[in-house]
Amino acid sequence: MRLYGHRVTWPAALGFLIIAINLFAALGAPLIAPFDQAEVVCDAWDEPSASHLLGCDNLGRDLLSRLLFGARMSIGLSLLITTLSFSIGIVTGFTAAIAKGWVDAALSRAVDLMLAMPSLIFAFVVLSVLGTDVAVLVVTLACLDSTRVFRLSRALAMNIVALEYVEVARLRGEGLWWIITREVLPAARAPLIAEFGLRFSFAFLFVAALSFLGLGIQPPDADWGSMVRDYRDMINLGISAPFWPAGAIAVLTIGVNFVVDWLLAIQSRGHGENA
Amino acid sequence: MLRMIGLRLALGVMTLFGASVLIFAGTEILPGDLASALLQNNATPENLATMREQLGLDRPAVVRYAAWFGGALQGDLGRSLASERPVAGELAPRLRNTLFLAVYAAAIAVPLAIALGLMAAVWQGSVFDRGVNMVTLMTISIPEYLVGYLLMKYISVELGWLPTLANVTDDTALGERFYLTLLPMLTLVLVVIAHMMRMTRASVLAIMASPYIEMAFLKGIPKWIVVVRHAFPNALAPVISVVALNLAYLIVGVVVVEAVFVYPGLGQLMVDAVSKHDVPVVQACGLLFSSAFILLNMLADIAAILANPRLRHPR
Amino acid sequence: MNTNDIVLEVDRLRVQARNDRGAGPVLVDDVSFTLRQGEVIGLIGESGAGKTTIGLACLGYTRNGCAIEGGRIVFRGQDILTLSPAGRRALRGPGVAYIAQSAAASFNPAMTLFEQVCEIPVRHGLMTADAAREVAIGLFRELDLPDPETFGRRYPHQVSGGQLQRAMAAMAMAAKPDILVFDEPTTALDVTTQVEVLAAFRKLIKEHRTAAIYITHDLAVVAQIADDIMVLRHGKMVEHGTAEQILQAPRAEYTRRLVAERVQGHAFVERVAEEVPLLSIRGVTASYATLLRVIDGVSLEVRRGDTVAVVGESGSGKSTLARVITGLLPRESGEVLFKGEMLPPALARRSREQKRRVQMIYQMPDVALNPHQTLLDIIGRPVGFYFGRSRAEIRERVLELLRMMDLPESFIDRTPGELSGGQKQRVGIARALAAEPDLIICDEVTSALDQLVGEEILRLLKRLQEELGIAYLFITHDLGVVKRIANKVAVMLRGKMVAGGETAEVFAPPFHPYTELLLSSVPEMRSDWLDEVLARRAGL
Chain W
0 MRLYGHRVTW PAALGFLIIA INLFAALGAP LIAPFDQAEV VCDAWDEPSA
50 SHLLGCDNLG RDLLSRLLFG ARMSIGLSLL ITTLSFSIGI VTGFTAAIAK
100 GWVDAALSRA VDLMLAMPSL IFAFVVLSVL GTDVAVLVVT LACLDSTRVF
150 RLSRALAMNI VALEYVEVAR LRGEGLWWII TREVLPAARA PLIAEFGLRF
200 SFAFLFVAAL SFLGLGIQPP DADWGSMVRD YRDMINLGIS APFWPAGAIA
250 VLTIGVNFVV DWLLAIQSRG HGENA
Chain H
0 MLRMIGLRLA LGVMTLFGAS VLIFAGTEIL PGDLASALLQ NNATPENLAT
50 MREQLGLDRP AVVRYAAWFG GALQGDLGRS LASERPVAGE LAPRLRNTLF
100 LAVYAAAIAV PLAIALGLMA AVWQGSVFDR GVNMVTLMTI SIPEYLVGYL
150 LMKYISVELG WLPTLANVTD DTALGERFYL TLLPMLTLVL VVIAHMMRMT
200 RASVLAIMAS PYIEMAFLKG IPKWIVVVRH AFPNALAPVI SVVALNLAYL
250 IVGVVVVEAV FVYPGLGQLM VDAVSKHDVP VVQACGLLFS SAFILLNMLA
300 DIAAILANPR LRHPR
Chain A
0 MNTNDIVLEV DRLRVQARND RGAGPVLVDD VSFTLRQGEV IGLIGESGAG
50 KTTIGLACLG YTRNGCAIEG GRIVFRGQDI LTLSPAGRRA LRGPGVAYIA
100 QSAAASFNPA MTLFEQVCEI PVRHGLMTAD AAREVAIGLF RELDLPDPET
150 FGRRYPHQVS GGQLQRAMAA MAMAAKPDIL VFDEPTTALD VTTQVEVLAA
200 FRKLIKEHRT AAIYITHDLA VVAQIADDIM VLRHGKMVEH GTAEQILQAP
250 RAEYTRRLVA ERVQGHAFVE RVAEEVPLLS IRGVTASYAT LLRVIDGVSL
300 EVRRGDTVAV VGESGSGKST LARVITGLLP RESGEVLFKG EMLPPALARR
350 SREQKRRVQM IYQMPDVALN PHQTLLDIIG RPVGFYFGRS RAEIRERVLE
400 LLRMMDLPES FIDRTPGELS GGQKQRVGIA RALAAEPDLI ICDEVTSALD
450 QLVGEEILRL LKRLQEELGI AYLFITHDLG VVKRIANKVA VMLRGKMVAG
500 GETAEVFAPP FHPYTELLLS SVPEMRSDWL DEVLARRAGL
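Residue numbers (numbering that gives the first Met the number 0), protein chains in the order written: chain W, 0 to 274; chain H, 0 to 314; chain A, 0 to 539.
Here chain W stands alone, though its shape is the one from the complex (with noise of 0.2 Å):
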C-alpha cells in the first residue's frame, strides 16, 4: 500500500486503522451505542452479557457505552486542545522567526520560562484558582502546549528563512503574507503535520491524567481518565473494568505514536534523495 508515494509500513497501516475506528467511535456515539452515558440499566458491575458486552459500572451503567462517549469527550476535547495550540504557537513562532529583533527575543524569553517549569505543575496552579470548567480547562492547557509548538515552529522557519530562494522573496520585495505562505509554510509542512501528532497525543494523556486525578472533566460526562478513576478500586477484587478505559487510551496512543513514527522516517529518507 502506497500514500503520497510513500509505501505504508503495517505498525503505520495498523496506526491508521486504530485512528479511524476511534475517530468512527468519537463521532458516532449517540447512534452506536446501546444506552446513554448516564443511564442507570442493570445493577452494578453486572458481568459481561449478550446486552451488556462489557458488563456494566459502579453506578449500573453500561460500560460500553460510557466508554465509546467518552471517546468523544476525550478525543474531541484533545483536538480541540491541539488545535488551539497550534493556531497560537505556528502564528507566535512564525512571527518571531521573521521579525526577529525584540519581538523574538521577548516571545522566546517568555517561552523559556513556561518551559523552565513541568507544565502538569503550572495547570495545578492554575486549576487549583479557577476550578475545573472545561473552557478553562481547554485553554490553560492550549496555552501551556502552543509554548512546545512556537519552538518548533520558530526553530523550522529560522531554517528556511535562511535560505537562499527566502532572500530570493526578500529581495524582490514579497511581503511577509507571501513568505509566509508561499515560501515559508510549504517546507514547514510536512515536520508540522508530524509534530501535530506527537502534541495530540501529549493532549491526550495529559487531560486523561488530569481526569484521572480528579482534576479534569467532572461527573456525569464520561471521559476514559475520569472512568479508570472511577473504578481503580475494582482491581483488588479482580474485576477489569479500569482497564477497559485505560486501555482504549493506550491504544489511540501507539496508534497514533505509529503513524508519527512512519511520518519522521519519511520525512529523514526524503532529505537523503535531495541530497
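No wet-lab data here; the hints were simulated from the structure. In this text the structure is predicted, and so the values were computed from the model without any measurement. The beta-carbon is built from N, C-alpha and C at its ideal position, and this holds for glycine as well. Hints may be right or wrong, so weigh each one.
Distance ranges between label pairs, derived from CB positions [what the hints assert, rightly or not]:
1. W:Trp177 <-> H:Gly74: 53 to 59 Å
2. A:Phe386 <-> W:Ala104: 47 to 53 Å
3. W:Leu13 <-> A:Ser83: 29 to 35 Å
4. W:Thr82 <-> H:Leu1: 43 to 49 Å
5. W:Ala154 <-> H:Leu111: 45 to 51 Å
6. W:Arg188 <-> A:Pro509: 55 to 61 Å
7. H:Gly74 <-> W:Pro33: 55 to 61 Å
8. W:Arg188 <-> H:Ala172: 57 to 63 Å
Covered by chain W, per the in silico footprint, the following chain H stretches (three or more residues, Cβ under 8 Å) [to be verified]:
9. 148-161
10. 281-291
A few chain A residues facing chain W, derived, Cβ under 8 Å [as the list claims (entries may be wrong)]:
11. Thr325
12. Leu346
13. Ala367
14. His371
Using the hints provided, position chains H and A relative to the given structure of chain W.
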C-alpha cells in the same frame, strides 16, 4: 568556561525567580478574587471582607508576592487554608517520601536506559534494535496508571508478591520502605526508561554518523574502542541533556504514580490541595517541583559545558 | 621496475549501491590499476565519478548501503576482499592509510592530536606510546608544523585548517603505511594555503617512498604530484596514462575537454563606456552586529556591459559586499549609487523599481530555488510581480526564457527536484533575467558545479551579456574564472580592497604583493608548476 558556568548559574537563579512570579501570578488571574472563589455561595459582603483580610488580599499583589517569596526563601511557606497549620511542616515528610521514590527510580532507570540506548545504537538495525524500538514506542504511549494497575493486578493481586498500596509512614524502616515502594518504583522506571533510551540512542547514532568515527574505523581501530574512546566522550553532553529532559517525565510521573499507589508524597498533597483550592499549599508544592526541575536542568547544562572539549580547552 | 615492487593491484573492481529494493546503481565498474612502491596515481573525475568509492575500497571499506560486488584488490600478494573483518582491520592504518577532505570533521574534537596521531601504531601494537610520540613529533617537524614538540598537545579546534590537514597526513604516516589514500585533501583550503599543504604532502611521499592514490577533481593539482593519472566518469575508466601524456596528449574526447577548458581563454569584453556608471560604490563600510568590521572603505564602479570580478579568499568580505549592494545588510557609511541615484542602505526603504534593476544568482542552485514551486511559478513570479502581466503572458515569457537558457519548454511544469545541478543554475539565471535587470550579482555561481557544467554556465552568461548588454558583478575565489571573463577586477583582503582596476593591469606587474601571492598560488596545468613556485618563493 568558568564564565559560561557562572552565566548558567545566574540564569538558573533568574529562572527560579521567574518561575516563582509565574506561580504567584497563576493564582492571581481569576476574574473575581480568591476570597469569592473560596466562599462561593456563602459570599456575603461581611464574609468576603473578613476572608480578604484573613488572606491579606487588601494589600497590593506586589507586596503580597514579596512577602510570600521572601518567606519561602526563609522556609516559611504560609499557612494551609484547609488545615490552618504551617505549610512547611506538612510538606517536609511528604517531600522526603517523594524524593525517596524519585531518586530510587532514577537510580535504576538512568543507567539502564543509557546502557540499553548505547546497545541499540551500536547494533543499529539489528533484531535487538528493532525490537527495542517497537517496545519503547509502545511503552511511551501507555499512561502511567495503566502500567501501575497492570503491575498491581498481576504482581500483587494475582501473585500476591508485593503489597498493592505503598503505605509508608514516618517510622517505616528503610528496608521496609524499599520493599513497599518497589511497585511504584518499577512503574516509574518503565514509564521513564523508554523516552530516555530512545533519545540516548538517537544522540549516539548522530555521533556515530560523523566523519571522525568513519576515520577511526579507517584507522583499523576495533569497534568497541571506537565506541568507548571516540564516540562516548562526544556523546556525553547530548546524553546528559537527554537524561535531564526526561527526569521531567519522572516529576510528572511521580504525581500520577503516587495517586495510583496512594503513596503519601508531595504529588498527592498537591492534587488534594488543588481540589480543595488550598492555594498556599499549591503554591508551595509548585515552587518545590519547579525548583527541582530547574535545578536538574541547570546541573545538566553545567555538566554538558564541562564535557565539551571546545569549551574545556579554549583556543 | 620489477614486479616485486607492486604494492597494490586493483583488478576489475565493481562496487554497487544497495537500496530497499535490492541492487541499486553501479558506482564503480570494471576499474583496474596497479601501484608500485613510491608511485603516485591520480584519480580524477567530476562528482559521481566513483573516485572516493575506489579510494575507500582500497582499505577494504565501503560506506553504508554499498558493497564490493566483483573484482580483486591485491595488497602485497593478498586479496583483501577475502580477508576476515579482523584481517581487514589489521590492514587499515599500518597497510593502507586514508587522508580525508575535511580535516576539521575527521579529527575527533574530544581527543588531543597526539592521542589521535599515535593511535594507529599504538592500537595495532606496533610501538609503545612513547615511541609513537617520538615518531609523531618527527612527522610534525617534517610537515613544517609549528612547535613540533608540543603541537600534539592541542585539540583539533585549536589549530588552523591548513595545519590540521597536515596533521592528518602525520596521522596517516604514523605507522609507515605502504599506501596513502589522499581524498581531495586540499579542496576545502584557500589557494594560498593549498600550495603549502600540497608541497608538504609531496615532500612526505618522496622521502618515505610511499605509494599513494591521490583523488581530486582538479587536474592542475594532481599534475603536481602524480606519476600516473586515471580519468574516471560515471564509475568507469575513461583514460589511464602517465601525467605527461594525459596533460599533453589526451586520447579520450572527455579528457581533451577537461584539459582544454582550463587552457582556452576567453577574450576580454570591450565595452563603450557611458557617462554615468551603472553602479558606483564609494567608501562603503559594514559589519555584522557588534563584530569586527567586515568590509571597510570599499569603492567600486560598474558600467553597462562590464563584468567586474570581486576576488578574495574566505573571510575577505566579498559576499558581504554583495549583501550591502542589495540592501540585505545595511551599510554603515559610504555611498551606493545606481545610475547616479543614491540607493537607501536598507532593503525595506528601496522602491520596487530599484529592487528590480539588481538581481542575484547564487552559489547553491539547490537552496536558491523553492523546491515546492514549479519553474512556471519560480521564473514567472518576477514577471507578474514587476510588470503585472496576465497569466497567459507570464507563461509565454517563461517559455521564452527557458528557450534562451537552452532548457526544454516541457520543464515549465516541473519542480527543481527533477533537474540536474547545471539545469537548476540555468533556472536561477532565468529568474534573474525575468526581472529585466541592468546588473546581475553572481555569487560564486560556478563553484558548486562540476568543471564542464560550470564552463557551460559561464559561456551562457557571456552570450546573454552580448545579447542583452547586462553588467555582471562576479564574486568568486577562482582566479581562473576572473582572468577569463572579467574586464575589471577588485582584490579583497580582510575586508579591504587591496587592488582594483582593469583586469589586464591588476594582473600584470607591478603587482600588489597579495595579488601576486594569489596569482602564483593558482595551480597551472603543467607538472613543474609547484617546483617553480617553491623555487621562486625560496629565492625571495
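Here is what the structure says about each hint:
1. W:Trp177 <-> H:Gly74: 53 to 59 Å: holds, 58 Å
2. A:Phe386 <-> W:Ala104: 47 to 53 Å: violated, 40 Å
3. W:Leu13 <-> A:Ser83: 29 to 35 Å: violated, 42 Å
4. W:Thr82 <-> H:Leu1: 43 to 49 Å: holds, 47 Å
5. W:Ala154 <-> H:Leu111: 45 to 51 Å: Given about 31 Å between the Cβ atoms, the range is violated.
6. W:Arg188 <-> A:Pro509: 55 to 61 Å: holds, 59 Å
7. H:Gly74 <-> W:Pro33: 55 to 61 Å: With Cβ atoms ~58 Å apart, the hint holds.
8. W:Arg188 <-> H:Ala172: 57 to 63 Å: holds, 59 Å
9. 148-161: The restraint on the segment 148-161 of chain H holds, since 5 of its residues have a Cβ under 8 Å from chain W and three suffice.
10. 281-291: Our answer is that it holds, as 6 residues pass the Cβ test (under 8 Å) against chain W, meeting three.
11. Thr325: holds, 6 Å
12. Leu346: It holds, given that the least Cβ distance between leucine 346 of chain A and chain W is near 7 Å, below 8 Å.
13. Ala367: Holds, because the Cβ-Cβ distance from alanine 367 of chain A to chain W comes to roughly 4 Å (cut-off 8 Å).
14. His371: holds, 4 Å
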